[in-house]
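Trainee: One-letter residues, chain by chain:
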Amino acid sequence: MIRSELIQRIADDNPHLYQRDVERIVNTIFEEIIEAMSRGDRVELRGFGAFSVKKRDARTGRNPRTGESVEVEEKHVPFFKTGKLLRDRLNGK
Amino acid sequence: MSNKTLTRMDLSEAVFREVGLSRNESAQLVESVLAHMSDALVKGQNVKISSFGTFSVRDKAARVGRNPKTGQEVPIHPRRVLTFRPSHLMKDRVAAGNKQ
Chain A
1 MIRSELIQRI ADDNPHLYQR DVERIVNTIF EEIIEAMSRG DRVELRGFGA FSVKKRDART
61 GRNPRTGESV EVEEKHVPFF KTGKLLRDRL NGK
Chain B
1001 MSNKTLTRMD LSEAVFREVG LSRNESAQLV ESVLAHMSDA LVKGQNVKIS SFGTFSVRDK
1061 AARVGRNPKT GQEVPIHPRR VLTFRPSHLM KDRVAAGNKQ
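Chains A and B, in that order, are what the protein sequence lines are.
Position 5, counted from 1, in the first sequence is what my numbering calls 5; the numbers after and before it change by one each time, with no gaps.
For my numbering, add 1000 to where a residue sits in the second sequence, where the first one is 1.
The hints are simulated quantities; they were obtained by calculation from the structure and are not laboratory data.
Hints should not be assumed to be uniformly reliable.
Said to hold, decoys possible - The calculated lysine-lysine pairs, modelled on DSS-like cross-linking and capped at a C-alpha distance of 30 Å, are: (1) B:Lys1060 x B:Lys1048; (2) B:Lys1004 x A:Lys84; (3) A:Lys54 x B:Lys1099; (4) B:Lys1043 x B:Lys1060; (5) B:Lys1099 x A:Lys55; (6) A:Lys54 x B:Lys1069; (7) A:Lys75 x B:Lys1091; (8) B:Lys1099 x A:Lys93; (9) A:Lys93 x A:Lys81; (10) B:Lys1004 x B:Lys1091; (11) B:Lys1099 x A:Lys81; (12) A:Lys54 x B:Lys1048; (13) B:Lys1048 x A:Lys75; (14) A:Lys55 x A:Lys84; (15) A:Lys81 x B:Lys1004; (16) B:Lys1091 x A:Lys81; (17) A:Lys54 x A:Lys75; (18) A:Lys84 x B:Lys1060.
To be verified - One-sided excerpt, in silico: chain B residues whose CB lies under 10 Å from chain A: (19) Asn1003; (20) Thr1005; (21) Arg1008; (22) Val1015; (23) Val1019; (24) Leu1034; (25) Gln1045; (26) Phe1052; (27) Ile1076; (28) Arg1080; (29) Gly1097; (30) Gln1100.
What the hints assert, rightly or not - Which bits of chain B does chain A cover? Going by a derived footprint, with three or more residues having C-beta under 8 Å, they are: (31) 1025-1033; (32) 1036-1042.
C-beta atoms are modelled at their ideal positions from N, C-alpha and C, and glycine is treated no differently.
Pulled out of the complex, with its shape left as it was, chain B reads as follows (with noise of 0.2 Å):
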């Protein structure tokens, strides 16, 4: 495990690499697949990437909560969560490739 944390700058410099197209340019489809993912979110809709997983949007009711530390009750609001199920590929591919 080599445990170093990639950013948008490595995508970028991966799309760079694989299609003939400027560093900035690279950079701008990089952001724009993300705005275009997250758009579809928070229209509600859920995002099905094939082979790499589902990010879905799941309403979460009203409850009442607990400070922790103070042991106070707080109202939790309802609320949208996402969340992602990853493909059964890349449960394979990452338990695989972390496996010693």
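Chain A extracted, bound-state conformation (with noise of 0.2 Å):
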């Protein structure tokens, strides 16, 4: 399922909604996680999953094509957590 396939989806449940403002509803939705995380937020959908922010520590790392050794930063990464009621429907129970 991709974002238009959502978006036609919400916009078959709820006819009385312009399909532009469904597409402006899930965008939103999606923009807030991101701007959530940015801000170093969590964002705890319970049933669904966590979305949160993990620190990687500064590291040497190496280029796998020359083996030359470059220090690479700090850096924050998005990561997600699947909620126990999806990992349950997942799995049938």
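Can you join these two chains into the complex? Each is in its own frame, and there are hints to help.
Mentor: Here it is as structure tokens:
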């Protein structure tokens, strides 16, 4: 399922809404999650999962092609943990 | 870094501010988006949201695990797990926003 299919399904469920409003609604949800993580916040959606930010320490990496060492700075990466309900549903529980 | 935790309520508040719907309907729409994504994943479909990321369902084979406290072997049954791969855009924005 891709973004446009998700929008279409929500639109089909809500015939009283304009398609462009459904698009704005769906986009707002994803945008809000990215903005929260950009501030270092967590987004916890019970039953679905939680988005959080993990810190990766600075390290000395290596260019795999040349073998040359490179200093990799500390950075923050997005992380998602599946919620219990969804994990159980995936396994038919 | 502010280290707050957002919930469904904050997402529906954002929808409420963005589109002229009631708070109640905004909350229902947030719920509906999560439900459609979950249903697709439960059916084994991947959910690919451009410029956000991809949720994919993977099958894990059975293996013998070990209780780290007691050292006792326990069988781990085959199961399906969900993985999320953030888009480049998300990674870049999260990295940039948290840089000091």
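Trainee: Work down the list of hints and note, for each, if the structure agrees.
Mentor: Hint check results:
no. : hint                  : verdict
1   : B:Lys1060 x B:Lys1048 : holds, 21 Å
2   : B:Lys1004 x A:Lys84   : holds, 21 Å
3   : A:Lys54 x B:Lys1099   : holds, 12 Å
4   : B:Lys1043 x B:Lys1060 : holds, 16 Å
5   : B:Lys1099 x A:Lys55   : holds, 10 Å
6   : A:Lys54 x B:Lys1069   : holds, 26 Å
7   : A:Lys75 x B:Lys1091   : holds, 10 Å
8   : B:Lys1099 x A:Lys93   : violated, 41 Å
9   : A:Lys93 x A:Lys81     : holds, 18 Å
10  : B:Lys1004 x B:Lys1091 : holds, 19 Å
11  : B:Lys1099 x A:Lys81   : holds, 23 Å
12  : A:Lys54 x B:Lys1048   : holds, 22 Å
13  : B:Lys1048 x A:Lys75   : holds, 25 Å
14  : A:Lys55 x A:Lys84     : holds, 24 Å
15  : A:Lys81 x B:Lys1004   : holds, 17 Å
16  : B:Lys1091 x A:Lys81   : holds, 16 Å
17  : A:Lys54 x A:Lys75     : holds, 8 Å
18  : A:Lys84 x B:Lys1060   : holds, 17 Å
19  : Asn1003               : holds, 6 Å
20  : Thr1005               : holds, 5 Å
21  : Arg1008               : holds, 6 Å
22  : Val1015               : holds, 5 Å
23  : Val1019               : holds, 5 Å
24  : Leu1034               : holds, 5 Å
25  : Gln1045               : holds, 5 Å
26  : Phe1052               : holds, 5 Å
27  : Ile1076               : violated, 12 Å
28  : Arg1080               : holds, 4 Å
29  : Gly1097               : holds, 3 Å
30  : Gln1100               : holds, 9 Å
31  : 1025-1033             : holds (count 5)
32  : 1036-1042             : holds (count 6)
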